[in-house]
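Engineer: Here's the letter readout for the chains.
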Amino acid sequence: MDALIRIVRTYRLTDGLAERLRLAEEIFRHIEPDLRLFVFSAIRPPAADDVFQEVLKAVAVSLKKFAGDTTAQFWKWCYRIARNKLGDHYRSQRIERMQPMPPEEILELVEASQKAAPLSAADKHDLEYALNLLTSSKPECREYLWRHFVLGLDYAEIAEADDLTYDNARMRISRCLDEAKSLVA
Amino acid sequence: MPKEKPDAEAALQKLGQRLRAGMAEQHPAQNLEIVRGAVREQYEQEKAAKREKKTAPDAAKAPQRKPPEPDLER
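Chains as they are written, first to last, in the working numbering: chain L, 9 to 193; chain C, 76 to 149.
Take these hints with a grain of salt, some might be off.
In silico contact screen, one side only, chain C against chain L (beta carbon under 8 Å); selected entries [said to hold, decoys possible]:
{"#": "1", "residue": "R93"}
{"#": "2", "residue": "A96"}
{"#": "3", "residue": "V110"}
{"#": "4", "residue": "Q117"}
Footprint (simulated), chain C over chain L, 3 or more residues, beta carbon under 8 Å [claimed, not checked]:
{"#": "5", "stretch": "24-34"}
{"#": "6", "stretch": "68-80"}
{"#": "7", "stretch": "113-122"}
{"#": "8", "stretch": "132-140"}
{"#": "9", "stretch": "149-159"}
Derived Cβ-Cβ restraints for the label pairs, each shown as a range [said to hold, decoys possible]:
{"#": "10", "chain 1": "C", "residue 1": "K128", "chain 2": "L", "residue 2": "R88", "range": "53 to 59 Å"}
{"#": "11", "chain 1": "L", "residue 1": "S100", "chain 2": "C", "residue 2": "K122", "range": "31 to 37 Å"}
{"#": "12", "chain 1": "L", "residue 1": "K189", "chain 2": "C", "residue 2": "K122", "range": "34 to 40 Å"}
{"#": "13", "chain 1": "L", "residue 1": "R183", "chain 2": "C", "residue 2": "K122", "range": "26 to 32 Å"}
{"#": "14", "chain 1": "C", "residue 1": "K122", "chain 2": "L", "residue 2": "A75", "range": "20 to 26 Å"}
{"#": "15", "chain 1": "C", "residue 1": "E100", "chain 2": "L", "residue 2": "L12", "range": "19 to 25 Å"}
{"#": "16", "chain 1": "L", "residue 1": "A26", "chain 2": "C", "residue 2": "K128", "range": "19 to 25 Å"}
{"#": "17", "chain 1": "L", "residue 1": "S128", "chain 2": "C", "residue 2": "K122", "range": "50 to 56 Å"}
{"#": "18", "chain 1": "C", "residue 1": "R126", "chain 2": "L", "residue 2": "A55", "range": "37 to 43 Å"}
{"#": "19", "chain 1": "C", "residue 1": "K129", "chain 2": "L", "residue 2": "M179", "range": "54 to 60 Å"}
Note that these hints are calculated values from the structure, not bench results. Note that beta-carbon positions come from the ideal geometry of N, C-alpha and C, so glycine has one too.
Let the hints inform the model, and build the full structure from the sequences given.
Structural biologist: Next up, the structure:
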């Protein structure tokens, strides 16, 4: 069993506060970077900071209620909470869709990632290609490529978020990828 | 010689890994205090709910006060 779901399941069965705090910290060390990327690639700071804190709080408060048994279910549950909080924000600000992360912010993050693992020439080539794929795509396709490949959301999660069937989501993403590849010749 | 075109899916996934790593470097778990606060809050609520549950059946068991008997002497 994956380490993350093991900790989540242990948390569910734990009564003592000290142990819960320790487990919650472990869980959030795992999920915080992904959730932060999810939120910050959908809205801009400073609003993103507030929404992100709301997401963390909502996940922490509901941890005991999570009823799934797999890591995939847990991620799906976390992203659903994050999506709801983003939805609340969009509604309150009358914004209709995600506000993509600007290229300079993407480059800053890539730069920061070098502290842990420097980029090889091949990595740089790959990342440049990935950025070209995204910037060449139409906004709708960019969003699909971003959510599926960059954020790592699976077809089912995207289908649920966009009210599509699984196959419809899969086909849209595949079509967007083909289109992007043809544009970056 | 022209460079070979990378695998598109792999390149996008690699970008995702780099962005997550960059996020972790730029913001090393700085929101844990919010998480701790939420866990404590939840714990207190559970404790309060348990306390209420414990006291509720006792209240049900407590003898109900009888209405005063009518004054028969009058």
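Engineer: Determine for every hint whether it applies to the structure shown.
Structural biologist: Hints, verified against the model:
1. R93: holds, 4 Å
2. A96: Hint holds; A96/C Cβ to chain L Cβ min 4 Å, cut 8 Å.
3. V110: holds, 5 Å
4. Q117: holds, 5 Å
5. 24-34: holds (count 5)
6. 68-80: Holds: 4 residues of the stretch 68-80 of chain L have a Cβ under 8 Å from chain C.
7. 113-122: holds (count 7)
8. 132-140: Coverage by chain C holds here, the residue count being 6 at a Cβ distance below 8 Å.
9. 149-159: holds (count 4)
10. K128/C / R88/L: 53 to 59 Å: violated, 30 Å
11. S100/L / K122/C: 31 to 37 Å: holds, 33 Å
12. K189/L / K122/C: 34 to 40 Å: Roughly 56 Å apart at Cβ, these two residues miss the hinted range, so it is violated.
13. R183/L / K122/C: 26 to 32 Å: violated, 53 Å
14. K122/C / A75/L: 20 to 26 Å: This hint holds: roughly 22 Å between Cβ atoms.
15. E100/C / L12/L: 19 to 25 Å: Once the Cβ atoms are compared, 21 Å apart, the range 19 to 25 Å for L12/L and E100/C holds.
16. A26/L / K128/C: 19 to 25 Å: Taking Cβ atoms as reference, A26/L and K128/C lie about 23 Å apart, which means the hint holds.
17. S128/L / K122/C: 50 to 56 Å: Cβ of S128/L to Cβ of K122/C: about 53 Å, so the range 50 to 56 Å holds.
18. R126/C / A55/L: 37 to 43 Å: Taking Cβ atoms as reference, R126/C and A55/L lie about 39 Å apart, which means the hint holds.
19. K129/C / M179/L: 54 to 60 Å: holds, 56 Å
Hints 10, 12, 13 from the earlier list are contradicted by this structure; the remaining hints agree with it.
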